[in-house]
Structures are given as C-alpha cells and as structure tokens.
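Chains as they are written, first to last, in the numbering used here: chain A, 13 to 360; chain B, 164 to 408.
It is worth saying that the hints were derived from the structure and are not from the lab.
In this text, a Cβ means the ideal position worked out from N, Cα and C, and glycines have one as well.
Some hints could be false.
What follows is a set of in silico ranges between Cβ atoms, one per label pair, in the way DEER data are often shown [unchecked claim]:
1) B:W325 to A:G321: 15 to 23 Å
2) B:Q333 to A:R345: 24 to 32 Å
3) B:G374 to A:G227: 54 to 62 Å
4) B:P256 to A:D343: 36 to 44 Å
5) A:G321 to B:R230: 41 to 49 Å
6) A:L29 to B:H329: 53 to 61 Å
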Amino acid sequence: MLKIFGNDKVMKWLGRLLGILLAIALFWFITPLRIAFAAPTPPPYTTSWYLDISNPANLSTTLYNMGCTLGTHDYNTAGTQDNVVILLFGKPGYSGSTYGAYDWTGQGSSSTVFLSTAQIANAVEQFGWGYYKCTLTDTTSQVYVAAGVNNSGSTVGYNHGSAWAAMTNNINSWISANGYSSQVKVRASGDMEMDFNDATSTKDWVNGYSASYGGNSLYLYDVGSAAGCPISGNPTANSPCNNGWVVDDVQYVSWGTTPLYPLPEIYNTAGANASQWYMISLYSYVYKGGPLYFLGSLTEYQACLQMGGCTGINNSPGTGWTQLWNTITADYRTYQSILRWSTDMKWN
Amino acid sequence: MRTLLRTTLITMLITTVALAGWSFVRQTNGTKNAKAASGLQVPSYCIPPELAGIQELLAKTTDPNGRQLLLAKEKDAEQAALNCAANATAHPPAPKPATAGLLPTSVPVATPTLQVGLQHAELLPVGIFIPIDNGNNMWAGFVNGQAVQIAAGSVRETDENWRQNHPDWQAHPELHTQGAIRVMVNYDGVNAITYPTPSRNGAVDLIAACGNLLILHAADNTIFTFDAAKLIFVNNTTSCTLPTP
Numbered sequence: 013m014l015k016i017f018g019n020d021k022v023m024k025w026l027g028r029l030l031g032i033l034l035a036i037a038l039f040w041f042i043t044p045l046r047i048a049f050a051a052p053t054p055p056p057y058t059t060s061w062y063l064d065i066s067n068p069a070n071l072s073t074t075l076y077n078m079g080c081t082l083g084t085h086d087y088n089t090a091g092t093q094d095n096v097v098i099l100l101f102g103k104p105g106y107s108g109s110t111y112g113a114y115d116w117t118g119q120g121s122s123s124t125v126f127l128s129t130a131q132i133a134n135a136v137e138q139f140g141w142g143y144y145k146c147t148l149t150d151t152t153s154q155v156y157v158a159a160g161v162n163n164s165g166s167t168v169g170y171n172h173g174s175a176w177a178a179m180t181n182n183i184n185s186w187i188s189a190n191g192y193s194s195q196v197k198v199r200a201s202g203d204m205e206m207d208f209n210d211a212t213s214t215k216d217w218v219n220g221y222s223a224s225y226g227g228n229s230l231y232l233y234d235v236g237s238a239a240g241c242p243i244s245g246n247p248t249a250n251s252p253c254n255n256g257w258v259v260d261d262v263q264y265v266s267w268g269t270t271p272l273y274p275l276p277e278i279y280n281t282a283g284a285n286a287s288q289w290y291m292i293s294l295y296s297y298v299y300k301g302g303p304l305y306f307l308g309s310l311t312e313y314q315a316c317l318q319m320g321g322c323t324g325i326n327n328s329p330g331t332g333w334t335q336l337w338n339t340i341t342a343d344y345r346t347y348q349s350i351l352r353w354s355t356d357m358k359w360n
Numbered sequence: 164m165r166t167l168l169r170t171t172l173i174t175m176l177i178t179t180v181a182l183a184g185w186s187f188v189r190q191t192n193g194t195k196n197a198k199a200a201s202g203l204q205v206p207s208y209c210i211p212p213e214l215a216g217i218q219e220l221l222a223k224t225t226d227p228n229g230r231q232l233l234l235a236k237e238k239d240a241e242q243a244a245l246n247c248a249a250n251a252t253a254h255p256p257a258p259k260p261a262t263a264g265l266l267p268t269s270v271p272v273a274t275p276t277l278q279v280g281l282q283h284a285e286l287l288p289v290g291i292f293i294p295i296d297n298g299n300n301m302w303a304g305f306v307n308g309q310a311v312q313i314a315a316g317s318v319r320e321t322d323e324n325w326r327q328n329h330p331d332w333q334a335h336p337e338l339h340t341q342g343a344i345r346v347m348v349n350y351d352g353v354n355a356i357t358y359p360t361p362s363r364n365g366a367v368d369l370i371a372a373c374g375n376l377l378i379l380h381a382a383d384n385t386i387f388t389f390d391a392a393k394l395i396f397v398n399n400t401t402s403c404t405l406p407t408p
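Could you build the full structure based on these sequences and the hints that come with them?
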C-alpha cells in the first residue's frame with residue numbers, strides 16, 4: 013500500500029481519475045446549487061383581456077385602443093419591453109356556416125354575442141396595428157398577442173381547432189405583409205379547463221389546431237387549468253383530475269404536440285395550482301421523457317377586483333409567478349432557468 | 164500525497180471547464196445551425212422565445228421519446244425563424260407616424276331586449292360559475308319590475324383538496340359536481356350572485372317554471388326548486404306539473 017502511495021506515476025493517474033470524477037460530480041451538483049441561490053424576481057406583469065363585446069360595432073376600435081395603450085406605455089418606458097397579451101374571446105361557436113366564438117356581452121355577463129373568425133381576425137390585427145403605431149420611436153419592444161377561446165360548449169372539436177389555426181394564420185399574414193412583425197408576434201391561446209368540457213373534445217380541438225397551424229411559430233398557449241389533478245405524490249397517466257380528465261390528458265393539451273406551450277392559470281392563493289402544474293410536468297418527465305417548458309403564469313387578480321373579489325383564487329401576478337417558479341425550480345427534473353412572462357386577466 | 168492532490172485539482176479544473184464549454188455549445192448550436200443552413204441573416208426579433216427553452220431542455224434530455232418531441236419543436240421554431248427572416252426582407256418594418264393616439268368609440272349600445280321564459284342560450288363560464296350546455300340553461304323574466312336572468316349549471320371546485328377529503332367521489336364522479344344557478348338582475352353582470360344547490364348532486368338544468376318558481380333537475384335526478392322572487396331555494400314543488408326528466 014505504502015509502495016503505491018510512494019509511486020509518482022500511480023499518484024498522477026490516480027489524481028487524474030479523481031479529478032475527472034470530482035469535476036463530473038461538481039457539474040451535476042451545479043444545477044441544485046443554482047436553484048438554491050437563484051433569486052426569484054417576477055417580471056413586470058402584462059394585462060390580458062376577457063373581451064366584453066357589448067357593442068360589436070366597437071370591436072375593432074376597442075382592440076386598436078388596447079394595442080395603442082400598451083404601445084404608448086412601452087414608448088414611455090425606458091428600455092425594451094417584453095409583453096404577452098392573451099385575448100380571450102369566450103367559447104367556440106358555429107353560426108350559419110361560419111366558425112367563430114360566442115363572446116361576453118357585458119363585464120361578468122354570461123350572455124353572449126357571436127363573432128366570426130373573420131371579425132375576430134380583423135380586431136386582433138387592429139390590436140397589432142395599434143401597438144406598432146403607438147410605440148412610435150421605440151422599435152425594439154415587442155408584444156406576443158394570442159387570441160383564444162375556452163373549451164366550453166358543443167362546438168369544441170377538430171374542425172373548430174382547425175378554423176382557429178386558419179384564423180391565426182390570416183392574422184399573421186396581415187401583420188407580416190404590413191411590416192409590423194418586428195414588434196408584433198402572433199400566437200394563439202386556449203383556456204383549457206377540466207370543468208368546462210370533456211378531455212376527448214378538447215384533445216380533438218388541439219389536434220385540429222396542431223394539424224393546421226402551418227408553422228411560423230403560431231404556437232398555441234394553454235392558459236388553462238389542471239383542476240382537480242394531484243397536488244402531491246407521484247402522478248401516473250391515469251391519476252384523476254376533475255370531470256373525468258386524467259393527468260395524461262392535461263399533459264397532452266398543454267405540451268403534447270409541436271405547437272403547444274403551457275402558460276397556465278395559477279389562481280389558487282394556497283399554491284395548489286402551482287403544485288398541480290408541477291405534478292403535470294413531473295409526470296411528463298417520468299413517463300414522457302421530459303418535463304414541460306412553461307412560458308409564464310396567468311392570474312386574474314384585476315378581473316377579481318372588478319367582479320367584487322374571488323376569495324382563494326385571486327393570486328396577484330407576482331405571487332402566481334413566484335408560486336410556479338418555486339415549485340418547478342425546486343426539482344432538477346422540472347427545472348428551467350427562465351420563466352419569461354407574468355400576465356393578469358382583466359375585463360375591458 | 165502532494166502529487167495526488169495537485170494532479171486531482173488540475174484535472175478537476177480542466178474537466179470542469181471542458182464540461183461547461185460542452186454544455187454551452189450544445190445550447191447554442193441549434194440557432195447557429197439554422198443560420199448556417201439558410202445563409203440568411205436572422206434578425207433577433209425573428210428568434211422565437213420558445214426556442215431557447217426547447218434547447219435548454221434538449222441539453223439535459225436523454226430519453227428518446229422526450230427528445231423526439233423536443234426535436235420536432237426545435238425544428239419548427241428554427242424554420243419559423245428562417246421564414247420570419249425571409250419575410251423581413253420582403254416586408255421590412257413599416258414607417259411609423261410622428262404621433263399617435265386612441266381612436267374614439269361609438270355610443271353605447273341600446274338597452275337589450277329580454278327574451279322571457281325557459282330557453283337554451285349560448286352561455287359562457289364567468290368566475291366560478293359554469294353554465295350547463297344541455298337542455299334549458301336559462302330562464303328570464305320580470306320580477307317586481309326588474310329584468311331577471313337565471314342561468315343554470317355548476318360551480319367550479321375551488322377547494323383543490325376536496326377530492327382527497329371525499330374518497331367516495333370515485334363511484335360517481337359526475338354527481339359530486341356542485342350544482343348552482345347564477346342570478347343577474349337588470350343585466351348587471353358585475354353584481355350577479357351565484358347560488359349553489361342545497362346539496363351536491365351534479366350540474367343542474369331548468370325543466371319548468373311555475374310563476375316565479377323554477378324547477379331544476381340535477382345529474383342524479385334530484386329536483387330543486389328556486390324562488391326567483393325571494394332568491395332562495397325552497398321545498399315547494401306542488402304547484403308545478405313536472406315533465407319527466
């Protein structure tokens with residue numbers, strides 16, 4: 013033994029081996045260390061909208077003004093601003109021979125008015141034009157605008173998803189052809205909620221969108237829930253969520269095809285929603301070969317204030333973001349280094 | 164021992180630097196590949212933010228299934244960047260005006276007309292209330308001179324521990340939805356009030372209206388009666404002839 017320790021050549025080889033092993037160990041430990049010392053600072057939140065179309069004649073002007081208001085804000089704010097805006101147009105609809113959406117007719121009203129995809133496209137284009145124009149000499153700030161519907165009602169299915177993708181393509185073509193795409197980036201969104209509809213129809217809708225979106229980064233942001241899904245433990249494919257959904261369904265509609273990305277509702281003040289989405293990501297890691305990549309968090313603090321409060325599900329944007337960040341970064345399996353956006357719903 | 168320690172430290176340093184370099188190259192290669200393959204100058208605004216996330220996951224994902232989806236997402240994002248770059252050449256950023264401002268909106272809409280009686284309406288979820296999509300989901304009428312609209316359905320579960328605390332849900336999950344109605348007076352959605360049914364028997368629809376008494380039918384065939392004048396659930400169903408659900 014003493015002979016070995018006295019042999020310089022053996023010592024050098026032993027040292028090299030030890031060095032490599034220690035370096036690899038250090039490299040693997042660096043992620044948890046980075047997690048432990050990361051200071052979670054929520055990004056400034058943007059406002060997203062439940063669209064109240066009490067006067068359809070105002071639709072385009074209303075959205076132009078929304079875009080212009082954001083553009084003016086960015087023009088008046090130092091530096092480059094990075095925005096995501098979800099525009100929720102109610103539920104999928106079909107009237108006559110036209111796909112579209114049934115939209116709210118008043119703040120908090122459950123009554124609706126039908127808007128065709130052509131009307132919605134025109135309004136979203138005006139949002140983009142308003143933003144581009146009102147940023148004036150600010151040529152670097154950007155808005156990612158994602159028009160969406162929820163998954164309630166009987167029109168949810170493949171054909172409507174496909175029509176929504178065609179509409180999103182039309183919006184993008186118009187924005188590009190007019191030279192606004194350096195600052196206005198087009199996306200789509202789906203408020204996929206377990207309590208609104210069954211998993212089969214919702215997956216069909218997502219498949220319709222995925223088959224027709226046609227690339228060009230017209231990604232579909234799932235701004236929905238994981239309602240009733242596990243908040244702890246080791247979820248499997250069939251772990252139950254609300255209304256007959258299972259964990260695998262939620263993973264699929266938020267991440268399972270090429271254009272899908274989650275930007276989920278983190279409403280619950282006790283942190284349950286963040287835990288549920290962490291569980292979905294963990295399930296994805298263990299059974300699908302990789303975790304979800306979250307683009308941000310969605311809250312509805314402002315909408316709750318407008319509606320007189322909603323106790324227990326009125327996370328502030330910063331709290332929602334922090335809850336999601338803390339849960340996914342505490343586990344190396346679901347870790348991601350950036351959680352880009354925080355956005356908060358409001359009624360117009 | 165000194166030789167061992169020195170060699171260990173030097174090798175460790177070299178290996179750590181090599182590993183860090185390898186990790187960095189793996190994360191940035193995708194974008195470089197896209198640029199190199201196209202020969203296009205890709206403006207920074209053309210790089211989708213999703214791409215960096217995908218490449219971060221790719222750098223640490225070894226499972227073939229996981230990589231397959233990530234590679235498809237990466238390829239899509241890279242192609243999108245190239246398409247954007249090509250478009251940027253064809254349609255450069257539009258000139259902007261020197262000033263800009265908000266546009267005026269037209270006058271508010273006229274007072275809505277109330278379609279009275281039981282009906283099926285295209286309703287939307289609001290807050291915690293989720294309207295039912297089957298059968299009659301709305302009653303509208305005038306009560307004490309005020310326009311009253313009552314939507315039927317359920318409320319979403321805000322208690323995420325409910326399932327855990329009620330294991331009996333597994334036998335009939337649909338029956339454990341909390342039925343509810345939402346009452347809106349004079350088209351005021353902000354101050355609308357949601358009334359849960361007295362017991363948890365699933366989502367409800369409307370099957371009859373007898374004056375101000377509304378008869379509700381739950382998923383497990385339980386019948387509830389709501390008094391639209393007093394805005395309370397009552398026990399009285401005797402004045403109504405109920406259709407068979």
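Hint by hint, which ones does the structure fall short of? none
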